Amino acid sequence: MAKQETGLARTARLLDLVPYLTTHQGVAISELAKTFNTTVKEITDDLNTLWMCGLPGYTPLELIDLEFESGFVSIRNAETLAAPRALDRAEALSVYMGLDLLSAELSSSNESLTSEIANLQDQLRTQLISAPQVQIEASLSSEFRALILRTIRRRGWLEITYHSAATDQVTKRRIAPYELSQSGSHEYLQGYCDSAKGIRNFRADRIVTVQEIADQVWPSTQVAANDQSIRYQVKIHSATRQVLEVLPQVAAGSATATIEGYSALWISRAILSLAGQVEAVEPAEIKAAVHARAKAALGNYH
Amino acid sequence: MSRKNERLVNLTIALLATKRYLTKNEIFRNIEGYEGNAEAKERMFERDKDDLRKLGIQIEVGGLDPLFDDEAGYRIRPESYALSLRDLTPTQVTLLSLAAQAWQDAAFTDLSQQALRKLTSIGLDTDTSQLPIMAPKLIGADENLRSALDALTSLTAIEFDYLNIQGVAQRRQLLVYGVQARKSHWYLIGLDTEKDAIRNFRVDRIQGEVKPIGKSQSYVIPPSFEIAELEPAIETPLAVLQVRPGAGFQLRRMATTIETADDWDLLEVPIFDLAFITSLVLWHGEDVIVSSPSQLRSAVISSLEKVVSTHG
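Keeping their order, the protein sequence lines are chains B and W.
Numbering follows this note's numbering, with no gaps: position 294 of the first sequence is 294.
Numbering follows this note's numbering, with no gaps: position 268 of the second sequence is 268.
Where hints are given, some of them may not hold.
Claimed, not checked - Per the computed footprint, the stretches of chain W lying under chain B, defined by three or more beta-carbons under 8 Å from a beta-carbon of chain B, are:
#1 94 to 102
#2 110 to 120
#3 239 to 252
#4 274 to 280
To be verified - Anything over 10 Å on all C-beta distances counts as not near chain W; from chain B, calculated:
#5 THR35
#6 VAL40
#7 PHE68
#8 ARG154
#9 ARG155
#10 GLU179
#11 GLY198
#12 GLN211
#13 GLN228
#14 TYR262
As the list claims (entries may be wrong) - Listed next, the stretches of chain W that the computed footprint assigns to chain B, with coverage defined by at least 3 CB atoms under 8 Å from CB atoms of chain B:
#15 28 to 34
#16 139 to 153
#17 165 to 178
Derived by calculation from the structure, the hints in this document are not laboratory data.
In this text, all values refer to a predicted model and were calculated from it rather than measured experimentally.
For glycine and all other residues, C-beta sits at the position ideal for the given N, C-alpha and C.
Same shape as in the complex, but just chain B (with noise of 0.2 Å):
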């Protein structure tokens, strides 16, 4: 089942070129070409393979009868194979994931549809041999999304609350939506903050409200995607998984690391929570502010 642009690939397309020629009769060459991720001197290559191709006998009563001259495409006479192929099991399940997704993400808001969902994944289970576990939880929800993306496409302004790991608040921002995309393994939102006068990002699964408000001016000059960075040095004591994730340009087994950051709080946040494993040492303002956090909270328990 891994990726195999071999014969065998072949074949398959040839299977599944009949089904759908056969629901798009009249299709351009070129058309068909891209929706089978291939070039148009294959799909053109196919399409005489599968003019040889038919029913024992074949005289032109059993061959499939394809046109395709003109550079659309008819087929005729390929009823045998006019069904398109069952899913197999790697397809079906993929499928089945992504459904689980659409549900999380649909949640509440939609009981026909999560419903017709749930049918639909029953179906699929009996594809698969023996039933995976699958359970995918949503980083944004439906509605969320929609409107965040509904906002992007007509250039507008949305208002967001929003929970920043660094400051431990929850701020409303306004903000000119550009993208949604995902950078590692999270879903942000890139837009223009009003607020911060700049481009920021904005983590989907730490966006707690959206709502539209009435639009501002699309701001219209280029702004600088980021503040300056703040470099800092650290001496690692422990190269933990824990180091690793937090700290991701630590390198495993390096003693130092030197690394760009860009907010101090989170910087002084992220070295405590490491509970001395990793120690701050340049540059000092980073290092005495790591040490005030420390002693403020100590001193809660004296």
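Got chain B; can you put chain W on it based on the hints?
Below, chain W alone, put in the same frame as chain B:
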């Protein structure tokens, strides 16, 4: 190569169209492309059967009428060949298409496109009137997740190097039972064969490649297996935390009870993982005080003392 493709398509058509089992001799006589001596044809046919099975096509083997012949025959049942999702409504086709499109990562595009083409071939118009316009996205699905899902659908054991808590990669062997996407991470859940226990593995903690080991269909998923809900169980111990009003947003989301007061709010937070809660408390600095349990309290105090002394 194209001769072989032609032969495979012709074989599929003939085996699908037949109402009874076809013997090898009938196949060699009637289907175009079987050439050479008996042995060569035989070899060709064996390979062709394997190839069609690799494409997920089930070839049924059965006997002919025993009065005449007991030679085995072959056929493909149309109901096993064709998409079994029947009588789909436009809304259902749309849901399935959106689900297939949720896979945006390169490791999955061939899979989702193939599924999508089959669904489009049903020839039904989609109905987006009451549906989200855009497919949601499954994020961070890489080659290793793909390999693990292939292993899950074919029931093949896998092995991989996994970064343990100490930050050291260790070889693990797993029978995958399920997958989970939680808090923006993918998890594989299954039987760790060495530990003989159910374990979770976060996919991005796998170093290098996930490799299949042994044959497919080599295990079954116990019907009783279920991914545990991450609801706090009755036995999950609770941490009692004092939290400054307005602070500790994440802790408040996790809390089972919140008692508000003027100086400090009182939160009860389930401790799924002591190290995780310790870090989270430290993250909040002086805005959070641990009241109990004493184990968490002393873990936090000693961490704070250590950081104070190294940064002084």
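Okay, the hints, checked on the actual structure:
no. : hint       : result
1   : 94 to 102  : holds (count 7)
2   : 110 to 120 : holds (count 10)
3   : 239 to 252 : holds (count 5)
4   : 274 to 280 : holds (count 4)
5   : THR35      : violated, 7 Å
6   : VAL40      : holds, 17 Å
7   : PHE68      : holds, 17 Å
8   : ARG154     : holds, 13 Å
9   : ARG155     : holds, 17 Å
10  : GLU179     : holds, 12 Å
11  : GLY198     : holds, 23 Å
12  : GLN211     : holds, 18 Å
13  : GLN228     : holds, 24 Å
14  : TYR262     : holds, 17 Å
15  : 28 to 34   : holds (count 3)
16  : 139 to 153 : holds (count 7)
17  : 165 to 178 : holds (count 6)
Comparing the model with each numbered hint stated earlier shows that hint 5 is the single one that does not hold.
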